[in-house]
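Chains Z and G supply the protein sequences, listed in that same order.
Residue 464 is where the first sequence ends in the working numbering, and the numbering goes up by one at each step.
Residue 464 is where the second sequence ends in the working numbering, and the numbering goes up by one at each step.
None of these hints come from the bench; they were simulated from the model.
These numbers were taken from a predicted model, which means no experiment stands behind them.
Do not take every clue at face value.
Pairs involving identical chains hold if they fit within one copy or between any two copies, as the list cannot separate such chains.
Unchecked claim - Under the rule of at most 27 Å between Cα atoms (straight-line distance), these lysine-lysine pairs were calculated in the DSSO-like manner:
(1) LYS446 with LYS235
(2) LYS196 with LYS367
(3) LYS442 with LYS367
(4) LYS367 with LYS333
(5) LYS438 with LYS367
(6) LYS235 with LYS442
(7) LYS438 with LYS196
(8) LYS333 with LYS196
(9) LYS442 with LYS333
(10) LYS446 with LYS333
(11) LYS196 with LYS446
Residues per chain, in single letters:
2 protein chains.
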Amino acid sequence: MTTAPPPTIDPETSVTYADVEAAALRLAGNAHPTPVLTSNTVNQRTGSQVFFKCENFQRAGAFKFRGAYNALAQLSDAQKRQGVIAFSSGNHAQAIALAGQILHIPTTIVMPSDAPSVKQTATRDYGAEVILYDRLTTQREALAQQIAHDRHLTLIPPYDHPYIIAGQGTATKELIEAVGALDFLLVCCGGGGLLSGSAIAAHALAPNCQVIGVEPKRADDATRSFYSRALQTVHNPDTIADGARTPSLGKYTFPLILHYVSDMVTVSESAILRSMFFLWERLKIVVEPTGALAAAALLEGVVHYPNARIGVILSGGNIDLKQAGKLLNKAQERRKKADSAPLARELS
Amino acid sequence: MTTAPPPTIDPETSVTYADVEAAALRLAGNAHPTPVLTSNTVNQRTGSQVFFKCENFQRAGAFKFRGAYNALAQLSDAQKRQGVIAFSSGNHAQAIALAGQILHIPTTIVMPSDAPSVKQTATRDYGAEVILYDRLTTQREALAQQIAHDRHLTLIPPYDHPYIIAGQGTATKELIEAVGALDFLLVCCGGGGLLSGSAIAAHALAPNCQVIGVEPKRADDATRSFYSRALQTVHNPDTIADGARTPSLGKYTFPLILHYVSDMVTVSESAILRSMFFLWERLKIVVEPTGALAAAALLEGVVHYPNARIGVILSGGNIDLKQAGKLLNKAQERRKKADSAPLARELS
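Only chain Z is shown next, with the shape it has when bound in the complex (with noise of 0.2 Å):
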């Protein structure tokens, strides 16, 4: 038997800053440019300027918006006529149908049959086919191709193609032409089409910056694989942060991060959860916990920047009413249990 070394993908040219540029055409009057919030409480306590990017507030909730656009925009018109398929629990499958019921182009999404019915109903609600299927009996990946090779539909990956990347890129694009040029990007990762394309349009508009990636602790898979080097998995963390329980990165995204990020940290499912709700109660703005991962980087203290100007990447605000009441509860005892950690004590 022999193997096959991994496709080798050229960072420098696989996905590059004129393709950022495109997709911030095609998005132009689509997606929405988001806010960027600033906050004398986080400015005071970091020493810092952090400009906050708030994807919470794009179109469908979350930045995946951008890169499910850029994607469906660039089929062909009988790639469009006979749709398009992906499987997502979560932020990709509604940003998949949304972009679809925009182009009038048919959307089918593949997903485990105990989804929130709350995203389930979005997700039609945008105008997708929904297909379930049984998580412990089937193989989501399989089951979607099938389908698409039965209907001759395209599947659209969540984040490992060029399309999506370039599309992720556009957020920083939009926060660094609003701010100006900042000295450190700190950007979550699950499969790293965010922070690869973060980490291209920062490289092309603030050549210093550094860009950081962060993780959870629990789904630390990529932080393990850009200091190896070498493509590390995890299979279903039990993290909070469910927009980065993806199993590894992919053959685009590693190396452009191995390219283009100078770090990569992890965070507590504590940190995470006391800097979501820190986002809600100070800035008034509701994260999801993924989308408040970078930001608990620098509000706990795992990266340490003073005097510089910060860019953090809010990635999204979905999270139900149900999950939100759980986690307040935890959040809560933890409060309770006089949590040693420095945001915890200023909040009790």
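Model the placement of chain G on the given structure of chain Z, informed by the hints.
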């Protein structure tokens, strides 16, 4: 015994748009020019263009900072040196404390001893001296007046003062300058400071705009006052919209509201709760119950203005995790009961 008639204050001259303009100049660089958000979902549902003015993003988390800063900035040097006093368990307290901190004016806040510790802490964090009293045995106005007299402090009322009213009017000035003329403007009403200031600004900038005040059904004193043209009161109304628990309109705000406001409507507790969490889930912003009052009138169909340009002021976002958790549980229980109101149906 003789009773004097209540002082009659001329609404045409007591507070004018020139006062709002002067307040805006004082606030420039000190108050945040808060963002205006829109929602495709809301526009589709109402058949109108709806503009949410997000005072939950104002400094100290509510519109109250506008009036507080405008009032404190106009004190004499002697008054500033002596300091100010206010009685409030809510947003007025934090607004006065922050404005005092910025203007280097000592502040004293009289608060009930059972006020949430998070509010006491926030007020002290802004540098205020907090004096606690027992709600059962002490009359807070009398206590505040006694302390003001003893310490030569200037008492800053929460709403019934021309400087406060003019300051609150700057939110609507910003809104109309940002989005253009409106057909309707929905504003919550407690003591009427925000409502009267908003109506003065709307009258000047969009003379055809109808300004509608919104109250909780359980604290409908202003609505009854508006229709009877005689001042009506409520006593400790049991509403989750704590900013609207004020006993009555004031000697300035009542004539201004009679003069400038087109109508007053009321909303149920369920409507407030549903609308608050609708704004959390769909607009991804944290508003407090009082902050959702004006939106509730629109989202729940209490008012119906198709094909119109509608402004909605979201007045504040100060809600702590504990209260949010309780209200979330309440909202979920009501959803389970298959409440027949339109929003509940849509969300369930």
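These are the hints, each one checked on the structure:
no.	hint	result
1	LYS446 with LYS235	both (22 Å within a copy, 21 Å between copies)
2	LYS196 with LYS367	within (26 Å within a copy, 65 Å between copies)
3	LYS442 with LYS367	neither (36 Å within a copy, 46 Å between copies)
4	LYS367 with LYS333	within (22 Å within a copy, 59 Å between copies)
5	LYS438 with LYS367	neither (36 Å within a copy, 45 Å between copies)
6	LYS235 with LYS442	both (17 Å within a copy, 24 Å between copies)
7	LYS438 with LYS196	neither (36 Å within a copy, 48 Å between copies)
8	LYS333 with LYS196	neither (40 Å within a copy, 51 Å between copies)
9	LYS442 with LYS333	within (21 Å within a copy, 31 Å between copies)
10	LYS446 with LYS333	within (18 Å within a copy, 34 Å between copies)
11	LYS196 with LYS446	neither (45 Å within a copy, 45 Å between copies)
Checked against the numbered hints above, the structure breaks hints 3, 5, 7, 8, 11 and satisfies the rest.
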